Amino acid sequence: MEYRTKAEVMDGAAVDRALTRIAHEILEANKGCGNIALVGIVTRGAELAERLAERIERIEGVRVPVGTLDISFYRDDVAKRLSPEVHRTDIPFDVEDRDVVLTDDVLFTGRTIRAAMDAIMDYGRPCSIQLAVLVDRGHRELPIRADYVGKNVPTSRKERVRVRFRGTDGVDDAVEILEEVEGS
Amino acid sequence: MTAISCRHIISMDDLSAEDITTILDTAESFKEVNERRIKKLPTLRGRTIINLFLEPSTRTRTSFEIAAKRLSADAINMTGSSSATVKGESLRDTAQTLSAMACDLIVVRHRYAGAPQVIVECMEAHVINGGDGLHQHPTQALLDLFTIRQHAGRLEGLTVGIVGDISHSRVAGSLVPALRKVGATPVLVAPPTLLPARPDILGAEVATSLDEVLPELDISYLLRVQTERAEDMPFPSLREYARFYGMNETRLAAAKPEMLVMHPGPMNRGVEISSAVADSPRAIVLDQVNAGVAVRMAVMYLLLGGEPHGAAA
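These protein sequence lines map, in sequence, to chains W and V.
Here our numbering is used: position 67 in the first sequence is 279, and no number is missing along the way.
Here our numbering is used: position 171 in the second sequence is 1146, and no number is missing along the way.
In case anyone wonders, no lab produced these hints; they're calculated from the structure.
None of the values given here were measured: they were computed from a predicted structure.
Be aware that a few hints might be false.
[Said to hold, decoys possible] One side of the interface only, derived from the structure: several residues of chain V facing chain W at Cβ under 10 Å:
(1) Thr1001
(2) Arg1011
(3) Gly1240
Note that CB positions come from ideal geometry on N, CA and C, so glycine has one too.
Produce the complete structure using the sequences and hints provided.
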């Protein structure tokens, strides 16, 4: 199936501003960053976590712990298909009693987040798990919502949301909606 | 798509070089799981794995069982004495019985080469060879590759001396082709009486003197001398074997300073490996055991995940 860009919904500057706002919101909701840890879902959620940590450091002068999480082994559709690539999970801190902020680029069905929460629980019992996403595109299949959202982007189920990041993709930050090319 | 190109793992011939890399990379992720406090993943929930071990084994069977359980699969062990084979049931009938119970994966160990292939032909489930006769033991070779890569940082270009009873070793049967596939050089080191009739068929170099090849080796892989068959061993005595082919501190000193010592276990201390070497940091035998669980988790995940083969997106 072929896809073409229907609309660019965020450019580099918009992504930048959204991340700055989310960093402030996280600090506000948690009354500082004393107990926070960020866990990014690979691959773009990991870059998101890293960037939020940089911003939090700029604001508060404190480096919060950052981990990366691969949810391949927690997916509910392992029997149907394998993850294209399994990355290493690396959570270099104790999640016990932490306020863990999960980060991902796009929130869609909520199944990835369900898997990620199960994975975090296998490392210990966090004080809370919060969710920060750059884009919420709707179409939830589970009772899951994000605590921090960069932008709500209404989409049709058939469309795709493509997030590109400097670090992961080597191009300027951008969020686009892609639509199927008819007859492809 | 990370799936591997085969439905069953019977011999190293089933796996391409890319498959091997996929398995080792996936195993890296599972190794991390084995270091957690909660060593369990929900990945294969609801899947049934039968360990059909018709030949005695504790470490391999335990390793497969732990791997299955850490992936949340239901693992059932069947050993020779507890199975109907002692009542005279044929292997084919045993396989068809298990097939009728709708199991998803069978790990087979059997004293005759080719037994896992018989099982492949009469049931739907995926089959992993857990060691068949003098033929192959592919997951052992995979965990050995994993351990070598972990310590040396690479596989390509390494020279691995496989020392000992080559002719009776299914470990060597899998390790030689495995090393060749990943670009390493296997060298078989044994007295002529412990070499197969046509070692050239294996495609490995052959040496009869360990001391001669020792300085070239990056890894010394010592095979177990089957001391339980001492009366018909094809060499004069265990002492003589130890003198010419045993790894000891003197030989370790003559080897490359980074040469590692491996052994598939169980070790005969004082025969193929001296106690001092076995306990030295150059021996990575326990890392091999540790890698076994992660590698077996990886092959179970890769065989059982995804649509029935071919249909995978």
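Closer than 10 Å between Cβ atoms is the bar; does Gly1240 (chain V) clear it against chain W? Give me holds or violated.
-> violated (28 Å)
With 10 Å as the cut and Cβ atoms as the points, is Arg1011 (chain V) at the interface with chain W?
-> The hint holds - Arg1011 (chain V) has a Cβ within 10 Å of chain W, the shortest such distance being about 6 Å.
Would the hint on Thr1001 (chain V) stand, with a C-beta cut-off of 10 Å toward chain W?
-> Result: holds, 5 Å to nearest chain W Cβ.
The structure shown violates just one earlier hint, number 3.
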